[in-house]
Every structure is written in structure tokens, then in C-alpha cells.
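Chemist: The lines below spell out each chain.
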Amino acid sequence: MLGRAASGIGALSCRVLAPTPADLVVAYQARGMQGVLTGADRHGPDAEHPRFWRRDDGVHVDLGHVDEISRFAVVARSSGGTLVVTTATGARIDLDLPDDGRSVALTGHVVLGCLVLRAEGRSVTGTLRDATEAYGYDDVTWASPDRPLSPSHPHPHEGNL
Amino acid sequence: MRGANVALTREVPGLEQVVVGISWDPSTDPALADNLRLAAILCSGDGVARSAEDLVYFNQLVSSDRSVAVADAASEVDVEQIEVDLPAVPAEVGRIAFILHVNEGSPKRRALNQLRSCVVQVSDGSSGDVLVRSVDLTDDLSNESALVIGELYRHRDDWKFRVVGQGHASGLVGLARQFELPL
Chain X
1 MLGRAASGIG ALSCRVLAPT PADLVVAYQA RGMQGVLTGA DRHGPDAEHP RFWRRDDGVH
61 VDLGHVDEIS RFAVVARSSG GTLVVTTATG ARIDLDLPDD GRSVALTGHV VLGCLVLRAE
121 GRSVTGTLRD ATEAYGYDDV TWASPDRPLS PSHPHPHEGN L
Chain A
1001 MRGANVALTR EVPGLEQVVV GISWDPSTDP ALADNLRLAA ILCSGDGVAR SAEDLVYFNQ
1061 LVSSDRSVAV ADAASEVDVE QIEVDLPAVP AEVGRIAFIL HVNEGSPKRR ALNQLRSCVV
1121 QVSDGSSGDV LVRSVDLTDD LSNESALVIG ELYRHRDDWK FRVVGQGHAS GLVGLARQFE
1181 LPL
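So the sequence lines, in the order shown, correspond to chains X and A.
The first sequence lines up with residues 1 to 161 when you count with my numbering.
The second sequence lines up with residues 1001 to 1183 when you count with my numbering.
By construction, these hints were calculated from the structure, which means they are not laboratory data.
Careful, some of the hints might be misleading.
As the list claims (entries may be wrong) - Below, in silico cross-link-like pairs of lysine to any residue (SDA-like), each with a Cα-Cα straight-line distance of 20 Å or less:
id	chain 1	residue 1	chain 2	residue 2
1	A	K1160	A	Q1017
2	A	K1108	X	A47
3	A	K1108	X	R31
Only chain X is shown next, with the shape it has when bound in the complex (with noise of 0.2 Å):
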């Protein structure tokens, strides 16, 4: 668990250290809305005031705005290797990732402003949103069970209104 003073400076990273390329995808709850950002997206909730975001290196939780999260997940698709979790005043995790497939590698919570991670380390089977749902991001639209779609993104029936 971090302090309420380190949870609220710069970014939370992850990144993964493996021979192989490996997926990282963030499940999350921030300002009342669940999204899940995949390596087609760059920024979530939106692009204007990205809170959960996506670079080369991995990805990232803007502790900056930790007052407007309420919980994520990280999901890594990968054969081996390590999840590194550091944040900006040095903390850091490493945990291990199964040898093959997909697995819920961490969460975090934000309980009265300190943010608390844990790691999981569960794999899981079936699709991105059988994995998601499963930790309770039950609120995110779907175009496939792959894919899900931006909280900001119009609901795909809307135009049809």
C-alpha cells in the first residue's frame, strides 16, 4: 500500500520484461466509469483528460488525478516473463507471469486516497471480457469479446435513435 502522499505523485508504470513480446491491458473505474484500455488505444477514459494511457514502454496510471480513480486491473497476455510496477517515488514490484496465456497480474484500489495494489497472478481462460468481468468491470460495451469500446465512445445503437 502506498502512503496518501506517495499515491497522488506521477505515474503507477508497467511494463514487461520477457523474451517474447507480451499484451498489457488496464481494466478501470475512474470517474464513475469502467473502461478497458487495449493496445489499440492510447488514452482512457478519453484523450482530453487521460488518466490511464499507453506508451512503448507500457502502461500507466496517472496518480496525479488518483482522486478521480476508484480501482483497475492489469491484464497481461504473455509467455513468461515479468511485470514491473514502479512508481515515481521508487517503489517497485516484479511479478512473474505464467508461461502461457493470459492472466490477471495486479489490481489496485484506492481506499481513502492511499492506493493499495495486489497481485494476482490468476490466469484465466476464454476472452478479454470473461477475464475483466470476472474482477467486476461488468459495466464496459463491447463491439467483440475482444474489443472493447471507449467510455467516451457513442453507444453503437445510439445513431439509430
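Assemble chain A onto chain X, guided by the hints.
Modeler: Just chain A, lined up with the frame of chain X:
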């Protein structure tokens, strides 16, 4: 001006509530405005913080002794404010530094020199009278991400305020290290 000292409690005998506010040009880049934060660090006269609870900012709104707090609502002039209850400040706290910094957790990297103006103002929390108003502090900034805008400090039996305007490129984390704030 920078370095100017004002003996607050000598100028206003009986002064107890002080409000330190910061204002900037409203036409500032929205991505910068979204990531600007005002913070305070309580420390000894030598500039050493006692614990992580000596950082007062958006995620820790009040110091553990309740003497320093982020204000609920800023005034028409100030965008962000921090209030200090002078009699409640513990004796071992000799200095309170006020810091404007850019949130470095955002992918939209900005620096303080993108501010068009930045002025610190110190007011009497009871009467609202302005006691100190700085010049524009952005003049000498380059790529700094944190700025010590001023400090409230004890001098004998008085509280004084000094406008500092010292920029730092290492952000709030670097300043926290400078004040030996354990994070």
C-alpha cells in the same frame, strides 16, 4: 518581488488565519491547467520535513495537526489556495514552503514556462485583506516542473512570508527529496 520579506504578524497584530493563493492566466493551455497543483510542505527551520504527513496537497488535504489545509473553494482571484492557522502550527515547524508543480503522471507533458502569468497572494483569512502580492513569477522560468513560490517562516516571535520564485526541473519528487520528505 522575489526575496521580499513581509513580517505578517508585525504588520497585522493578532493575525491568525493566513491564506496563500496562486493565480494564473485563465487562457492557459487546458492540458497544463488540468495538471497544475498547489502543495505545502511543513518543515523545521532547517527545511526538513518530519513525515510524509507534512505534505499537504490534493490527495492529503489537511496536515496531521490540522494547521494547514487545502481550501475548499478558491476566491475569484486565486485558482488554488492553502490556508494556515498560525496558532495551531506546532512549535517544531519553523517553515512552510508553498509549491506550484505540474503533475508528471500525465502523458501530456508540460512545463511551468508555458504559464502566461503566475502570481502568489497572501491574505488575512479573517478580513480578506491582501498582505502580500508577488510580481509575475514566470519571467525566469524555462523547463521547470515545480516552483517554490514562497515560504511562511518563523522569525523570533513573528511569522514572515518570503516570495521565493525558485524553479526546479526535478518536479515535486525532487523537491520532496530536498525537504527530506519520506515518500
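Chemist: Take the hints in turn and mark each one as holding or not.
Modeler: Outcome of the hint check:
1. The suggested pairing of A:K1160 with A:Q1017 holds, with an alpha-carbon distance near 13 Å, which does not exceed 20 Å.
2. Restraint check: the Cα-Cα separation between A:K1108 and X:A47 comes to about 10 Å, which is no more than 20 Å; the hinted pair holds.
3. For the proposed pair A:K1108 and X:R31, the alpha carbon gap of about 19 Å is at most 20 Å, so the pair holds.
Comparing the model with each numbered hint stated earlier shows that all of them hold.
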